[in-house]
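Each protein sequence line maps, in turn, to chains G and D.
If you're matching positions, the first sequence starts at 34 in our numbering and goes up one per residue.
If you're matching positions, the second sequence starts at 7 in our numbering and goes up one per residue.
Honestly, the hints are just simulated from the structure, not real lab data.
Some hints here could point you the wrong way.
Unchecked claim - The calculated lysine-lysine pairs, modelled on DSBU-like cross-linking and capped at a C-alpha distance of 30 angstroms, are:
hint	chain 1	residue 1	chain 2	residue 2
1	D	Lys148	D	Lys70
2	D	Lys244	D	Lys366
3	D	Lys244	D	Lys167
4	D	Lys283	D	Lys211
5	D	Lys244	G	Lys88
6	D	Lys447	G	Lys79
7	G	Lys197	D	Lys366
8	D	Lys323	D	Lys146
9	G	Lys88	D	Lys394
10	D	Lys105	G	Lys197
11	D	Lys283	G	Lys79
12	D	Lys451	G	Lys79
13	D	Lys451	G	Lys176
14	D	Lys70	D	Lys451
15	D	Lys105	G	Lys88
16	G	Lys79	D	Lys58
17	D	Lys188	D	Lys58
To be verified - Covered stretches of chain G, as calculated for chain D (at least 3 residues, CB under 8 angstroms):
hint	segment
18	65 to 77
19	125 to 134
20	159 to 166
21	257 to 267
Where is the CB? At the ideal position from N, CA and C, for every residue including glycine.
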Amino acid sequence: MTVWEKLRPYSMVAPSIIIFSMFFIYPIFYMIYLSMFDWNFVSPTKTFVGLQNFKELLLDADFRQVLSNTTIYTLLTVTLTTGLALMLALWLNRKGVFHAFVQGAIFSPHIISLVSISLLWSWLMDPEYGLLNWAIGLLGFGKLEWLSHPSTSLVSLVIVAVWKGVGYNTLVFIAGLQSIPKDIYEAAALDESKPWTTFMKLMLPMLSPTIFFLVIINMIGSFQVFETIAIMTQGGPINSTNTLVYYIYEYGFRFFKIGYASAAGVILLGIVGILTIIYFKLLSKRVHYR
Amino acid sequence: MVKKLALLTLTVMMVVVLAACGANGKNEGTTNTTGSTGSNKSGAADPSPAKKITIKYWYAFGEKIEEAKQNMVKEFNASQDRIEVIAEHQGNYDDLHAKVQAAFAAGDAPAVTDLEIASTGVFARSGMLQELTAFADRDKDKVQLDDFNPGLMGNAYVDGKLYGLPFMRSTPILYKNITLLKSVGLDPEGPKSWDELEQYSRVLKENGKIGMTLPADIWFYEGLVAQSGGTILSEDGKAAAFNSPEGVAPVEFWKKLASEGLIKIPVGDEAGATADKDWANQMSAFKFASTAGVSGSLEIAKGNGFELMTAFMPANKSYGVPTGGCQLVMTSKSSDEEKEAAWEFITFMTSKENTIYQHKYVGYLPTRMSAVESDEIKAHFEAFPQYKVAVDQLEFARPRPMETSYPEVAKIIKEAIEKAILDPKVAPQDAMNAAAEKANKLLSK
């Protein structure tokens with residue numbers, strides 16, 4: 034065995050490790066370090082304040098609302114996206130020109146830039162001149178305020194996220210459905226299993242790895258929602274759509290409090306970390322892997 | 007073969023990564039931001055350096071504002087052959103500020119940038135801005151600081167030191183659709199007071215229109231507080247003053263008018279755009295907006311077939327407005343050579359000729375008294391009286407608060423106003439008291 038053969042695997046992974054350390058590991062530790070300072074990112078002096086930033090964060094009613102906004106947004110988005118996608122997948126899981134077209138149509142938002150989507154939906158949801166209010170007006174309903182009222186703004190953002198995400202989720206579900214072997218269905222048919230029973234006892238367990246994967250991916254994505262909020266609401270009205278990542282951005286780059294923003298970042302890191310661990314511990318036990 | 011290819015790929019990648027690291031390190035380590043002039047530190051006194059100096063200038067906003075800025079930069083570049091200014095668009099003021107801050111931390115800040123006036127305090131106190139007092143003293147014959155309208159200089163100084171020169175400065179003014187006013191039998195000269203604004207709106211509502219679509223904007227609120235005789239912050243800037251009767255009066259006024267459907271107060275990110283649309287579509291007769299919109303609004307009025315007049319913001323106890331807009335500032339980490347170039351550029355952009363040019367092109371204030379008194383501006387006011395109002399209104403202008411935490415305080419105030427207006431159960435006084443309590447914690451630091 035030559036030296037090169039020994040070194041080869043390490044040199045192969047080196048680029049990935051270097052980039053990963055530079056852009057993920059180092060910033061994480063730097064963020065944790067910064068979270069204990071009062072600093073504006075540019076002034077030469079940093080003031081060490083210990084855990085003061087965390088104390089202020091947790092005592093701040095706005096931050097608690099930000100946490101609850103983020104949680105509600107995530108729960109709604111994940112449930113609706115995966116639920117709708119599963120139903121669509123069951124319907125679309127067959128051959129035919131029409132089904133192929135629908136599948137393509139609902140997948141297309143996935144490849145559009147989120148910035149364009151945000152602008153588009155801002156226009157659609159305009160309370161005065163928007164297409165959506167015009168349409169529900171035709172149906173005889175009153176106008177909705179959409180993004181302009183704290184009671185509807187968060188749900189409006191959920192709608193955009195679901196619209197964007199459901200196509201990709203459907204595609205993954207269809208792939209999952211098609212990987213279920215035909216012979217199991219045949220066995221079920223021989224036992225005269227009813228469709229509902231087939232779905233509950235056969236398809237759902239066989240799909241559980243897919244569901245697990247999508248729920249995790251969607252949750253992590255939703256917890257980090259930023260673009261739609263930055264473009265459509267800027268956290269308003271009255272803090273009703275402010276979420277963790279936007280809050281961090283606002284404090285870091287609008288109010289120039291990088292230490293405080295880093296502390297919020299550490300909390301986000303903690304929450305996402307804990308959620309991931311819980312999911313892997315609890316759900317992995319129930320997930321059926323072949 | 008495959009092995010060799012892999013090795014080659016790896017080598018290339020490593021080189022790229024290392025080069026990136028190297029470049030990073032260099033930028034952090036040196037104060038010279040553009041790099042191209044690094045070897046030629048011949049000193050500030052040399053009037054004709056061998057190499058052309060390139061400096062970056064970052065600016066905010068598009069359309070007419072951008073065109074005017076780009077045209078002036080082109081003229082500057084053509085006027086001499088020592089300095090090349092590269093002007094780059096960076097979005098709105100908030101985007102611009104965030105990018106300048108990040109670029110400064112990365113050691114790559116532009117030499118000159120627009121800066122919204124209320125943020126001068128934050129930027130200056132954190133050491134990002136070059137103090138301009140020495141430059142202005144040296145070139146006082148050329149710059150003539152006392153020629154600038156005194157109403158605009160309040161935000162140029164932070165703690166007694168000069169940091170910026172007034173560039174595209176504004177005040178909010180009242181835009182009136184007088185064709186609509188005449189059609190419902192209202193005197194197009196008004197409304198001059200809050201009471202008249204209410205009466206006008208009542209008549210307009212009876213005719214199926216509304217008085218005004220008005221975003222609960224902090225800048226307009228600052229104006230209404232001034233009109234009521236109050237201030238946003240205490241004199242030393244260490245405490246909130248907006249929960250005084252003068253600070254609550256605007257919120258009560260807005261809430262009353264909105265609850266009776268006389269005006270509409272949209273909230274959210276699109277509120278400003280909604281106000282413009284309602285006014286352009288002749289749903290509302292009035293709008294508050296920056297004087298920067300005069301040229302654009304004249305075009306809209308012409309296109310939609312109505313006549314536009316501008317006026318002072320209506321008075322409560324007196325007239326009163328905040329000033330706004332941006333000044334030109336210099337960042338502190340450039341080389342001496344670049345600072346000289348930046349200074350020359352800033353004085354060019356704020357000259358009498360250019361303030362006249364940008365005023366006529368966009369509608370921002372002519373910043374210099376000599377410009378206001380020039381024949382060119384007088385003739386322009388004669389032809390388009392809509393431009394004159396903002397200049398006259400400067401008599402009642404006051405600077406914006408510049409406390410370090412003011413951006414955050416402004417957000418707190420705005421949310422309190424929106425809460426008081428949207429929720430019928432929330433009394434304006436209570437909302438403002440709660441906001442003041444929060445703001446005091448930030449201001450007293």
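Under the criterion that the straight-line Cα-Cα distance not exceed 30 angstroms, is the pair D/Lys283, G/Lys79 satisfied?
-> Roughly 46 angstroms between the alpha carbons, so the hint for D/Lys283 and G/Lys79 is violated.
Establish whether the coverage given for the segment 65 to 77 of chain G by chain D is satisfied; the threshold is a Cβ-Cβ distance below 8 angstroms, and no fewer than three residues must meet it.
-> holds (count 5)
Holds or violated: D/Lys188 with D/Lys58, Cα cutoff 30 angstroms?
-> violated (59 angstroms)
Measure nothing beyond the straight line between the CA atoms of D/Lys244 and D/Lys366; if it is 30 angstroms or shorter, mark the hint as holding.
-> violated (39 angstroms)
Does the structure keep D/Lys323 and D/Lys146 at a Cα separation of 30 angstroms or less?
-> Violated - the C-alpha atoms of D/Lys146 and D/Lys323 are around 39 angstroms apart, more than 30 angstroms.
Would you check chain D against the segment 257 to 267 of chain G, counting CB to CB pairs closer than 8 angstroms, and say if three or more residues qualify?
-> Holds: 4 residues of the segment 257 to 267 of chain G have a Cβ under 8 angstroms from chain D.
Assess, step by step, whether the Cα of D/Lys451 is no farther than 30 angstroms from the Cα of G/Lys79, and give holds or violated.
-> holds (15 angstroms)
Restraint check for D/Lys244 with D/Lys167, where alpha carbons must lie at most 30 angstroms apart = holds (20 angstroms)
Test coverage of the segment 159 to 166 of chain G by chain D using CB-CB distances below 8 angstroms; three residues minimum.
-> It holds: at least three residues are needed, and the segment 159 to 166 of chain G offers 4 whose Cβ sits within less than 8 angstroms of chain D.
Could you grab the alpha-carbon distance between D/Lys105 and G/Lys88 and see if it respects the 30 angstroms cut-off?
-> Roughly 29 angstroms between the alpha carbons, so the hint for D/Lys105 and G/Lys88 holds.
Does D/Lys58 lie within 30 angstroms of G/Lys79 when you go C-alpha to C-alpha?
-> violated (38 angstroms)
Does the alpha-carbon distance linking D/Lys283 and D/Lys211 stay inside the 30 angstroms limit?
-> Within the cut-off at roughly 18 angstroms; holds.
The structure does not agree with the numbered hints 2, 7, 8, 9, 11, 13, 14, 16, 17, 19 stated previously, though it agrees with the rest.
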